[in-house]
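Asks: The lines below spell out each chain.
2 protein chains.
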Amino acid sequence: MDATSIVAALAKTARTASRTLTTATSQERTSALFDIAQAIEDRASEIIAANEIDISRGKSESMHPQTLDRLLLNHERVLSIADGARQVAALPSPLGNTLRESTLPNGLHLKQISVPFGVVGMVYEARPNVTVDAAVILLASGNAALLRGSSSAASTNEILVRVMREALATTTISPDVIQLVSSEDRESVKALLHARGLVDLVIPRGSAALIRMVVDEATVPTIETGAGVCHVYVDEYANLDIALPILINSKTHRPSVCNAAETLLVHEAVAEKFLPAALSALRDAGVVLHCDGTSKKYADFLEIPSIAVTEQDWCTEYGVLEMNVGIVPSVDAAAEHIAKYGTNHTEAIISESQDAINRFVAMADCAAIMINTSTRFTDGEQMGFGAEIGISNQKLHARGPMGLEAMTTSTWIVTGSGQIRK
Amino acid sequence: MDATSIVAALAKTARTASRTLTTATSQERTSALFDIAQAIEDRASEIIAANEIDISRGKSESMHPQTLDRLLLNHERVLSIADGARQVAALPSPLGNTLRESTLPNGLHLKQISVPFGVVGMVYEARPNVTVDAAVILLASGNAALLRGSSSAASTNEILVRVMREALATTTISPDVIQLVSSEDRESVKALLHARGLVDLVIPRGSAALIRMVVDEATVPTIETGAGVCHVYVDEYANLDIALPILINSKTHRPSVCNAAETLLVHEAVAEKFLPAALSALRDAGVVLHCDGTSKKYADFLEIPSIAVTEQDWCTEYGVLEMNVGIVPSVDAAAEHIAKYGTNHTEAIISESQDAINRFVAMADCAAIMINTSTRFTDGEQMGFGAEIGISNQKLHARGPMGLEAMTTSTWIVTGSGQIRK
Numbered sequence: 001m002d003a004t005s006i007v008a009a010l011a012k013t014a015r016t017a018s019r020t021l022t023t024a025t026s027q028e029r030t031s032a033l034f035d036i037a038q039a040i041e042d043r044a045s046e047i048i049a050a051n052e053i054d055i056s057r058g059k060s061e062s063m064h065p066q067t068l069d070r071l072l073l074n075h076e077r078v079l080s081i082a083d084g085a086r087q088v089a090a091l092p093s094p095l096g097n098t099l100r101e102s103t104l105p106n107g108l109h110l111k112q113i114s115v116p117f118g119v120v121g122m123v124y125e126a127r128p129n130v131t132v133d134a135a136v137i138l139l140a141s142g143n144a145a146l147l148r149g150s151s152s153a154a155s156t157n158e159i160l161v162r163v164m165r166e167a168l169a170t171t172t173i174s175p176d177v178i179q180l181v182s183s184e185d186r187e188s189v190k191a192l193l194h195a196r197g198l199v200d201l202v203i204p205r206g207s208a209a210l211i212r213m214v215v216d217e218a219t220v221p222t223i224e225t226g227a228g229v230c231h232v233y234v235d236e237y238a239n240l241d242i243a244l245p246i247l248i249n250s251k252t253h254r255p256s257v258c259n260a261a262e263t264l265l266v267h268e269a270v271a272e273k274f275l276p277a278a279l280s281a282l283r284d285a286g287v288v289l290h291c292d293g294t295s296k297k298y299a300d301f302l303e304i305p306s307i308a309v310t311e312q313d314w315c316t317e318y319g320v321l322e323m324n325v326g327i328v329p330s331v332d333a334a335a336e337h338i339a340k341y342g343t344n345h346t347e348a349i350i351s352e353s354q355d356a357i358n359r360f361v362a363m364a365d366c367a368a369i370m371i372n373t374s375t376r377f378t379d380g381e382q383m384g385f386g387a388e389i390g391i392s393n394q395k396l397h398a399r400g401p402m403g404l405e406a407m408t409t410s411t412w413i414v415t416g417s418g419q420i421r422k
Numbered sequence: 001m002d003a004t005s006i007v008a009a010l011a012k013t014a015r016t017a018s019r020t021l022t023t024a025t026s027q028e029r030t031s032a033l034f035d036i037a038q039a040i041e042d043r044a045s046e047i048i049a050a051n052e053i054d055i056s057r058g059k060s061e062s063m064h065p066q067t068l069d070r071l072l073l074n075h076e077r078v079l080s081i082a083d084g085a086r087q088v089a090a091l092p093s094p095l096g097n098t099l100r101e102s103t104l105p106n107g108l109h110l111k112q113i114s115v116p117f118g119v120v121g122m123v124y125e126a127r128p129n130v131t132v133d134a135a136v137i138l139l140a141s142g143n144a145a146l147l148r149g150s151s152s153a154a155s156t157n158e159i160l161v162r163v164m165r166e167a168l169a170t171t172t173i174s175p176d177v178i179q180l181v182s183s184e185d186r187e188s189v190k191a192l193l194h195a196r197g198l199v200d201l202v203i204p205r206g207s208a209a210l211i212r213m214v215v216d217e218a219t220v221p222t223i224e225t226g227a228g229v230c231h232v233y234v235d236e237y238a239n240l241d242i243a244l245p246i247l248i249n250s251k252t253h254r255p256s257v258c259n260a261a262e263t264l265l266v267h268e269a270v271a272e273k274f275l276p277a278a279l280s281a282l283r284d285a286g287v288v289l290h291c292d293g294t295s296k297k298y299a300d301f302l303e304i305p306s307i308a309v310t311e312q313d314w315c316t317e318y319g320v321l322e323m324n325v326g327i328v329p330s331v332d333a334a335a336e337h338i339a340k341y342g343t344n345h346t347e348a349i350i351s352e353s354q355d356a357i358n359r360f361v362a363m364a365d366c367a368a369i370m371i372n373t374s375t376r377f378t379d380g381e382q383m384g385f386g387a388e389i390g391i392s393n394q395k396l397h398a399r400g401p402m403g404l405e406a407m408t409t410s411t412w413i414v415t416g417s418g419q420i421r422k
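In order, the protein sequence lines correspond to chains V and P. Be aware that the first sequence starts at 1, since it is given in this note's numbering, and climbs by one per residue. Be aware that the second sequence starts at 1, since it is given in this note's numbering, and climbs by one per residue.
Chain V extracted, bound-state conformation (with noise of 0.2 Å):
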């Protein structure tokens, strides 16, 4: 069979299993979530075997050592899946929930409530992890799951598979609502991301080159998920107590997420007073400085290496310990900055102007606008969604961070006694 045949088959039967998901009541989901996390615990040692096959092949194609990291798991790294994933299950359902309801002048009854998708497929890379997490979220809010890892951890996603497949088998929830789509194959990305009407949304999660080939490529319905350039910009009436803080922690704190901070842009009437302490701090902490024209004579004068800023320099992404600045004259000129450079994920400000975050948030247009606080903090455990499947980068469906309810569409159920339309 060639890919789109095998891709079709897994997602017909994965569509079917998925009714046993969306007839079970809630607690049988959650139940049957529990026991995928203990299973996961339960058998940690045959994870792990699998996984140093994924090890080995890995540093025998001389794999980066980074990436080794994120692919491999060691007993303390699966108990945190598995811990996971009882996150998850203990969740309220987002499903059924009532989200819009009216009485018509002609006695139709309008209901609208949350129900799933049916079947979802993700595309990720190396980090096995993500197969437990998705498969958790999805089948948490009714969906079946349709996993397309990297073939680097082939070995690693196989057994997670299977061991959640097992673990269903004893419960109300046909373990097909979990279906491992083959990485051996390229072919098979791309049958997932044309199998409409199949499947009904893919997501990607990885690097920029994967979104954008799953952006181009997909004729099924996708959400992007990823880049960000973000700005913490220090307001002229900032507190400058907080701001330094808040700016090492958006910028230091774990610089390769999407969240970390890429520019600094600092009002032109505290840049003296600010900027020697925050050049001198981010130099501290290790972070490689790209200025422009006003920051750089500050940065010379104190003796602190920097380079001078680029165009390219604005819009990357470093994921690393480089950061720009720059000196703004106003708050409209911090936005437009921020419109033009920036990739719409999350703007901080600080300031204790109230007309000064007003004009920042009337004109920042992301999905989260942090005032006064980290943009580390864009993040759905953060956020007290108690799990997130990825930061949607785009504007259709979901914004910013997504937890179980992003993972539900919604059916309108309009009840009458034989009205018919004039």
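No lab work stands behind these hints, which were simulated from the structure alone. Hints are supplied without guarantee of correctness; some may be wrong.
[Said to hold, decoys possible] Subject to a maximum C-alpha distance of 20 Å in a straight line, what follows is the list of computed EDC-like cross-link-like pairs (lysine to aspartate or glutamate):
| # | chain 1 | residue 1 | chain 2 | residue 2 |
| --- | --- | --- | --- | --- |
| 1 | P | 111 | V | 2 |
| 2 | V | 59 | V | 184 |
| 3 | V | 111 | V | 125 |
| 4 | P | 111 | P | 405 |
| 5 | P | 111 | V | 388 |
| 6 | V | 422 | P | 388 |
| 7 | P | 111 | V | 184 |
| 8 | V | 12 | P | 388 |
| 9 | P | 111 | V | 379 |
| 10 | V | 12 | P | 332 |
| 11 | V | 12 | V | 268 |
| 12 | V | 190 | V | 217 |
| 13 | V | 422 | P | 381 |
| 14 | V | 422 | P | 379 |
| 15 | V | 111 | P | 336 |
| 16 | V | 190 | V | 2 |
| 17 | P | 59 | P | 41 |
[Stated by the list, open to error] Selected chain P positions facing chain V (in silico; Cβ < 8 Å):
| # | residue |
| --- | --- |
| 18 | 117 |
| 19 | 219 |
| 20 | 417 |
| 21 | 419 |
For every residue, glycine included, the Cβ atom is placed at its ideal position computed from N, Cα and C.
Got chain V sorted already, so can you dock chain P onto it with the hints?
Replies: Then chain P, alone, in the frame of chain V:
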């Protein structure tokens, strides 16, 4: 300039102009929309004159009479377009609504509010009323509109856009929030569909072929609208007195639209009682019947002309007075038939049994489920939305009729006092 550069320039101009929509008060937006409505009414003769150019070109190119009729504007139709604009103007603003709100243990205050997409493209066919309907709905929801109609309506669309822009010129809203994308250049559609980062969303409206092209081609987010193979299922426990008018209304009220029914499924227990009346009434309404084995026996016995239904027929959106008829042994069998042949649009059940209804609702996977009422009610205006930009036939973002709210996205506003992530 090539199409890509032209569309990029239009989109950038539109985005800058869209700020005048978001910084305007909702009163200012409303008043601008009323001005547009008034201008359309005042300049009806100009609009009709321009439309005559399209009509006579259409005639000289032997355009199909039905298409010509869709293209035609007369005084009454222009007034109705203006009235439609007034209706939208009078709707409450969908912007700035609080969607979710919470305070986290660390003191961060989270508020998710509704905001516009920004720049939304419409790709549509001959009907020139869409030019105004879409522009007005998009403006009312704070979005700039890039309108790409059909070349057959070029003169009409041009004057409609000019009238709307000139009406805006005396308001606080920039006329540049409405942009006409040239229909002369076939490449302009492609450019619009690939304008990632410049256009936030493109909605196609028109034939199945147009929608398919947009969904296949687009790398910007799109919402699939359209196709409806809708079913009316008459259950064993149906009140047959209401079943018949609902069936006739669903099939014959306006057969060309997506919420018209294409297939009648009857529970075998009521076939003998219901089919004679149903088949006669459908025949009297001029409906061509495509019958399965059992229902054909009834038709033959009653001497009602019918043809044997084919596998292809079950999947066909006739759009005209033709209907499939099938007998099913149970509500589950009806739901399975619908899952196999339906398009997840609108499915009706006629039943007095709550058990049967619950089973049908649990198994149906569609935008709207009609219980004891006509499929024709899946419609934004009928459902009290006041306006409709299309009916989403996908599960992402919006499902079913889309009103003003569906044309918004959201932003998280996170307010802190110096919190950083641990």
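Asks: Take the hints in turn and mark each one as holding or not.
Replies: Hint-by-hint comparison with the structure:
1. 111(P) / 2(V): violated, 48 Å
2. 59(V) / 184(V): holds, 19 Å
3. 111(V) / 125(V): Between residue 111(V) and residue 125(V) the Cα gap is close to 40 Å, so the pair fails against 20 Å, i.e. violated.
4. 111(P) / 405(P): Distance ~18 Å between residue 111(P) and residue 405(P) Cα, so the pair holds.
5. 111(P) / 388(V): holds, 18 Å
6. 422(V) / 388(P): Holds - the C-alpha atoms of residue 388(P) and residue 422(V) are around 18 Å apart, at most 20 Å.
7. 111(P) / 184(V): violated, 44 Å
8. 12(V) / 388(P): violated, 33 Å
9. 111(P) / 379(V): holds, 14 Å
10. 12(V) / 332(P): Measuring from Cα to Cα gives roughly 18 Å; hence the hint holds.
11. 12(V) / 268(V): It is violated: about 60 Å lies between the C-alpha atoms, which goes past 20 Å.
12. 190(V) / 217(V): This hinted pair holds, its Cα atoms lying about 7 Å apart.
13. 422(V) / 381(P): holds, 13 Å
14. 422(V) / 379(P): holds, 13 Å
15. 111(V) / 336(P): violated, 24 Å
16. 190(V) / 2(V): Holds, at roughly 12 Å.
17. 59(P) / 41(P): violated, 26 Å
18. 117: holds, 5 Å
19. 219: The hint holds - residue 219(P) has a Cβ within 8 Å of chain V, the shortest such distance being about 5 Å.
20. 417: holds, 6 Å
21. 419: holds, 5 Å
In this structure, the hints that do not hold are numbers 1, 3, 7, 8, 11, 15 and 17, in rising order.
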